[in-house]
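In the order they appear, the protein sequences are chains A and B. Under the working numbering, the first residue of the first sequence is numbered 181, with each subsequent residue one higher. Under the working numbering, the first residue of the second sequence is numbered 42, with each subsequent residue one higher.
Any given hint could turn out to be false.
Unchecked claim - Per the computed footprint, the stretches of chain B lying under chain A, defined by three or more beta-carbons under 8 Å from a beta-carbon of chain A, are:
| hint | region |
| --- | --- |
| 1 | 212 to 220 |
| 2 | 229 to 239 |
| 3 | 304 to 312 |
| 4 | 392 to 405 |
| 5 | 411 to 424 |
To be verified - Among the chain A residues that face chain B by a calculated CB cut under 10 Å, a handful are:
| hint | residue |
| --- | --- |
| 6 | R401 |
| 7 | F462 |
| 8 | D495 |
| 9 | A541 |
| 10 | P555 |
| 11 | L565 |
| 12 | G569 |
| 13 | W575 |
| 14 | V579 |
| 15 | L593 |
| 16 | R594 |
| 17 | R602 |
| 18 | G605 |
| 19 | A632 |
| 20 | W636 |
I should point out that these hints are in silico values taken from the structure, not numbers from a laboratory. For clarity, every value in this text was computed on a predicted model and none was experimentally measured. Even for Gly, the Cβ is constructed at its ideal location relative to N, Cα and C.
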Amino acid sequence: MTTLLIVVPLAAALVLWLLPLDRVSAAALALLAALAEVGLWIQLLIRFDWNERGLQFEQRRSWFSDLHVSYHVGVYAFSVWLIGLAVVVMAATIAYAVWVGRERARMYFGLMLFLTGAIVGVFAAQDLLLFYAFFEAMLIPLYVLVGVWGGPARMGATLKFVIYTMAGSLLMLASVIVYGLSQGTFDLVDIGASSSDWVFLGFVAAFAIKAPLFPFHGWLRDAYTESSPEVAAVLSGVVSKAAAYGFLRIAIAKFPGPTEDFRTPILVLAAVGLVYGSLLAFRAPDLRGVIAYSSLAQMGLITLGLFAANDLGFDGSVLQMVNHGLISATLFLLAGMVERRATTGELGRLGGMARGRPLLATVLMTTGIIALAVPFSTAFAGEFLILAGVFQQGWGWAVVGAAAIVLAAMYILRVISAVLHREPGTAVTDAALDLRPAELGIVVPLVACLLALSAWPAAISGHAFSRDEATRSVSQEFR
Amino acid sequence: MTVGAWICLLSPLAGALLITLAGTRISRRTAGYLSTGSVAVAFGGAITSFIGLLGKNGEERDHVSTAWTWLSGGSYRSGFEILVDPLSVMMMLIVSGVGFLIVAYSIGYMDGDKEERRYFAYMALFVFSMLLLVQGGNFLLLLAGWGMVGLSSYLLIGFWHERPSAIAGAKKAFVMNAIGDATMALAFFLIILYTGTLSFDHVFNIVQNGDSGISNSTPINLIALGLLGGAVAKSAQLPLQTWLPDAMEGPTPVSALIHAATMVTAGVYLIVRTHVIFEAAPKVEELAAGLGAGTLLLAGLIALVQTDIKRVIAYSTMSQIGYMFLGVGLGAYANGMFHLMTHAFFKALLFMAAGLVIHALHGEQDIRRMGGLRTLMPRTYLAFLVGGLALVGIFPFSGFFSKDSILAAAMDHGWYGYVLWVAGLAGAFLTGIYTARLFFLVFWGEPSAFVQEHFHKPKRDVVGISLAAPVAALAVLAAIAGWIQFAPLWHPIETWLQTVAEPLVSPAGWQEAVSSVLAVVLGAAGIGVAWLLYGARTRRVPRLAFAQRTLEHKFWFDELYDALFYRPSIRIARGLGRFVENPLIFGSGRELGQETRALGGLLGRAQTGLLRTYALAIASSVAVLALVFVVVR
Chain A
181 MTTLLIVVPL AAALVLWLLP LDRVSAAALA LLAALAEVGL WIQLLIRFDW NERGLQFEQR
241 RSWFSDLHVS YHVGVYAFSV WLIGLAVVVM AATIAYAVWV GRERARMYFG LMLFLTGAIV
301 GVFAAQDLLL FYAFFEAMLI PLYVLVGVWG GPARMGATLK FVIYTMAGSL LMLASVIVYG
361 LSQGTFDLVD IGASSSDWVF LGFVAAFAIK APLFPFHGWL RDAYTESSPE VAAVLSGVVS
421 KAAAYGFLRI AIAKFPGPTE DFRTPILVLA AVGLVYGSLL AFRAPDLRGV IAYSSLAQMG
481 LITLGLFAAN DLGFDGSVLQ MVNHGLISAT LFLLAGMVER RATTGELGRL GGMARGRPLL
541 ATVLMTTGII ALAVPFSTAF AGEFLILAGV FQQGWGWAVV GAAAIVLAAM YILRVISAVL
601 HREPGTAVTD AALDLRPAEL GIVVPLVACL LALSAWPAAI SGHAFSRDEA TRSVSQEFR
Chain B
42 MTVGAWICLL SPLAGALLIT LAGTRISRRT AGYLSTGSVA VAFGGAITSF IGLLGKNGEE
102 RDHVSTAWTW LSGGSYRSGF EILVDPLSVM MMLIVSGVGF LIVAYSIGYM DGDKEERRYF
162 AYMALFVFSM LLLVQGGNFL LLLAGWGMVG LSSYLLIGFW HERPSAIAGA KKAFVMNAIG
222 DATMALAFFL IILYTGTLSF DHVFNIVQNG DSGISNSTPI NLIALGLLGG AVAKSAQLPL
282 QTWLPDAMEG PTPVSALIHA ATMVTAGVYL IVRTHVIFEA APKVEELAAG LGAGTLLLAG
342 LIALVQTDIK RVIAYSTMSQ IGYMFLGVGL GAYANGMFHL MTHAFFKALL FMAAGLVIHA
402 LHGEQDIRRM GGLRTLMPRT YLAFLVGGLA LVGIFPFSGF FSKDSILAAA MDHGWYGYVL
462 WVAGLAGAFL TGIYTARLFF LVFWGEPSAF VQEHFHKPKR DVVGISLAAP VAALAVLAAI
522 AGWIQFAPLW HPIETWLQTV AEPLVSPAGW QEAVSSVLAV VLGAAGIGVA WLLYGARTRR
582 VPRLAFAQRT LEHKFWFDEL YDALFYRPSI RIARGLGRFV ENPLIFGSGR ELGQETRALG
642 GLLGRAQTGL LRTYALAIAS SVAVLALVFV VVR
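Assemble the whole structure, with the sequences as input and the hints as a guide.
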């Protein structure tokens, strides 16, 4: 089952690259594969036994037996949700790319599907080297997707992205090798806990760059604004969660001592990132800049919850990972739709789009309201749990977090009014139509997921770790 | 009984969803009927619950009904659950009952607006949010309703979204309310830390028993302060009151809904609901009463110089909520809730009567251009008169019964109570002046040139009935509803709420009498002053330039907050961008890129820098690997 989830998109990617399909059939095949992936995940969701402890749908084949490297995949309860996030967002982004009609369709959709398989692999890998391989496999298509199909300044953006992530990858690779060799195995389940500060910091640095966490976010703005909207949606919605996953699955679970020792500095970085990102989002001049910096803030928040290292923090973080993934993907796709109509994302030239465009207004307003974590939304539920959790590590963290939530209200409301309200901006003409049915078909499922989660956030927060004992799961089952 | 309460809660939500999903498939008028109908059903549900509770003994009037576990994390759990007890049922009746009249009035008031459907969906959503707030069976759902009310008010205040002032007012209301949400959330984190739960019963039991250290002075005071922060934000009390006047940018029925049935009364409800916590933190409870007294004076003074008909009424709301805070802060819970009820009637009446005036004058809201409407709109004139007299608290209108018992309660609370009592009496005098000023300026004298030119009579069709009938109903209620409780002769509301919130004060008969007489005399004196200045115009309005300017600037709170919070945060954000983000973080990447590209260029210019960099990185990774092997072995 797990292997199938990884292989289906990879195989579809290969087919796309090898067969000389025309544009339409390539797009159709890609969409079909992405939807099949969602169907497979629903199977996984139904068949997963929530009362069982530990790894499920496990598959293991020895690879290098002398080094104890194996192809070992499986899913924990919380990985089910992250895989779900990945396949749903990938399906929506691929659908968006189909709708927009990207150039060189076979190459493009092949890369997107390859990316899907790699991301699912990251969330399912239970062997360090395998994890590393999938992590790298996830980055390579992204380099190409940003570098070839991005905006005018795409080369600079790609270069920066490559350098940052390569630096992180090298640190991670070094850590993986040192850790695996010193423990005598690379198996993530069997490998024992370590107390090595340097290895821990290597992992943390890699994940902090990928998330990104303040101040490792130099690549963020260009990558999020220069790439095409659907790639930005994948980057901030899904790929950043691979980093958060790494924090939880490797850094925190395998290094209890260093986690304890470095908790305060990491919490400080996360809290600074939260406020810093919120403030910069408030002054960002364009639509995607706001979403990019709010993404930085949200990753800070998720990290706060993870390094609170208690039940509330873990459960809240997993919930918030899914929330933020869906929210930022929806926002980036909507930003793309707005940009296609107005030819710009500059907030100063937008405005008044609510008049005569009720569908766009409703969808953007609903997503925005959930993004600013209005109480009763699923984002509120996630943030509430995270801050309640980190509150137990010290009151100050939660006070900063609560202040950042007020800032979030300010920057989201600013974006909503700048796009929808007041008199129409200079870039908004009558030719800018309301959302088309196809576009609704892309974003409405995402919004529907968010609304469903708002009705029942405990679906994730109460089913992220076996028997609601997050701390015990992390400290025993993951080790 | 709980079924009725669930229907009450969910019916307006269903109405809002139905209107949203139906879109243009239904006519605008149908949307209005749907919205009104869904709130009417909610009122029916509330009545069912009320009757259900009536049939039970006092001790058994407390039901929690859980639908599902809404949020869980670790061992902490909060259900999607409602609480049906005397307090929540009383609020349900007020919210859905007065809400129904206001939504019905909207059918006429909003007739012809292009986006009527959106309006009615929002109205139903607003009623749902407020019902969620008062019915929520635990702290988390209370906060959920709390936030949803803030959201609905944002949507409705900014309903006319092409007006920059409307959008600004809406954003201000939302952000102010978000500050309150945040302080409440912090209080809840403390509660979770000490008790591990957010269920009302458990938390109140633990606080009363003093288990787990929560009742030590620091945590309990902080919790009470956090709750108070939420209460003052939502109820527009000092120091978070500045959003309320700007909230007048919404359509008039929205103002009526915010001021009468929903939203601003939430703070009063919160204090009564969580009175166990406030009683364990008596200093904070007294602070609440003090803030109420401060607000009622401040708002009464500002109302003296306002020139917009809706803003005068808005400030009177702030002032009247101040009375309620004063009451519940001193432990006179039933009196505060009683005033909340009568206020809902006469304030909705005043707003809707003002709406009729505005409607008849083509949207004009400046009272300096009005005058002489008594002869042109005799029924509206009567309705406004009833509302005004109830607001001032003149016998036998409803405000008399509820306001004076709050003042009497203040006399039973030591020297602090007497200070507040004096403030309350001064407020009664101010209420008399500003209410009568508004009344005389709008209705008395000869019709002004503007009125003669712009006045038009509403027609007697569906629109006219929709406008007139709710006003008439509220006029009756505002006139007679006060007789429900006439302390100390009969007090059914106090008895009804006894199991939820036992009052802390019990004023003697003479205190009731003295307060009543003094308040009425002072209110009448205020009316007399206004008569001299604005009615008979035998005296000139005194010119006090500085005082006038201070009042017109609303004591400079907006300017202060602007300078203290808004501008610095903008400046910090700009500074971070200019001095940290661009040069250090953003720029570092750029330079890094250039240098690496240069390095790649050295290795060979055959291909793009991209592939070169990648190759370089792989090469260096191998080098690092080799190094690591050497070190580890």
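Hint check:
With a threshold of 8 Å between beta carbons, the proposed coverage of the region 212 to 220 of chain B by chain A holds, since 5 of its residues qualify and at least three are required. Counting residues of the region 229 to 239 of chain B whose CB lies closer than 8 Å to any CB of chain A gives 5, which reaches the minimum of 3, so the coverage claim holds. With 0 residues having a beta carbon nearer than 8 Å to a beta carbon of chain A, the region 304 to 312 of chain B misses the requirement of three or more and the stated coverage is violated. Taking a C-beta to C-beta cut-off of 8 Å, the region 392 to 405 of chain B contributes 0 residues in contact with chain A, too few for the three needed, and the coverage statement is violated.
Remark: the region 411 to 424 of chain B is not confirmed as covered by chain A, as 0 of its residues place a Cβ nearer than 8 Å to a Cβ of that chain, below the required three. The closest approach between the C-beta of R401(A) and any C-beta of chain B is roughly 6 Å, which is under the 10 Å cut-off, so the hint is satisfied. Because the closest C-beta pair between F462(A) and chain B is about 5 Å apart, less than 10 Å, the hint holds. Hint status for D495(A) relative to chain B: holds, with the closest Cβ pair at about 4 Å, below 10 Å.
Hint on A541(A) holds. Least Cβ distance to chain B is approximately 9 Å, under the 10 Å limit. At about 3 Å, the closest approach between the beta carbon of P555(A) and any beta carbon in chain B falls short of 10 Å, and the interface hint on this residue holds. The interface hint given for L565(A) is met, as the beta carbon of that residue sits about 4 Å from the closest beta carbon of chain B, less than 10 Å. Taken as an interface hint, G569(A) checks out: its beta carbon lies about 7 Å from the nearest beta carbon of chain B, inside 10 Å.
Below 10 Å, beta-carbon pairs count as interface contacts, and W575(A) has one with chain B at about 8 Å; its hint therefore holds. Look at V579(A): its Cβ gets to within about 7 Å of chain B, closer than 10 Å, so that hint holds up. With its C-beta approaching chain B no nearer than about 5 Å, L593(A) sits inside the 10 Å limit, and its interface hint holds. For the restraint placing R594(A) at the interface with chain B, the shortest Cβ-Cβ distance is roughly 8 Å, inside the 10 Å limit, so the hint holds.
Hint on R602(A) holds. Least Cβ distance to chain B is approximately 6 Å, under the 10 Å limit. Interface hint status for G605(A): violated, as the beta-carbon distance to the closest one in chain B is roughly 12 Å, over 10 Å. Interface restraint check: A632(A) against chain B, minimum CB-CB distance 13 Å, threshold 10 Å, status violated. Below 10 Å, beta-carbon pairs count as interface contacts, and W636(A) has one with chain B at about 7 Å; its hint therefore holds.
Violated hints, listed in ascending order, are 3, 4, 5, 18, 19; each of the other numbered hints is respected by the structure.
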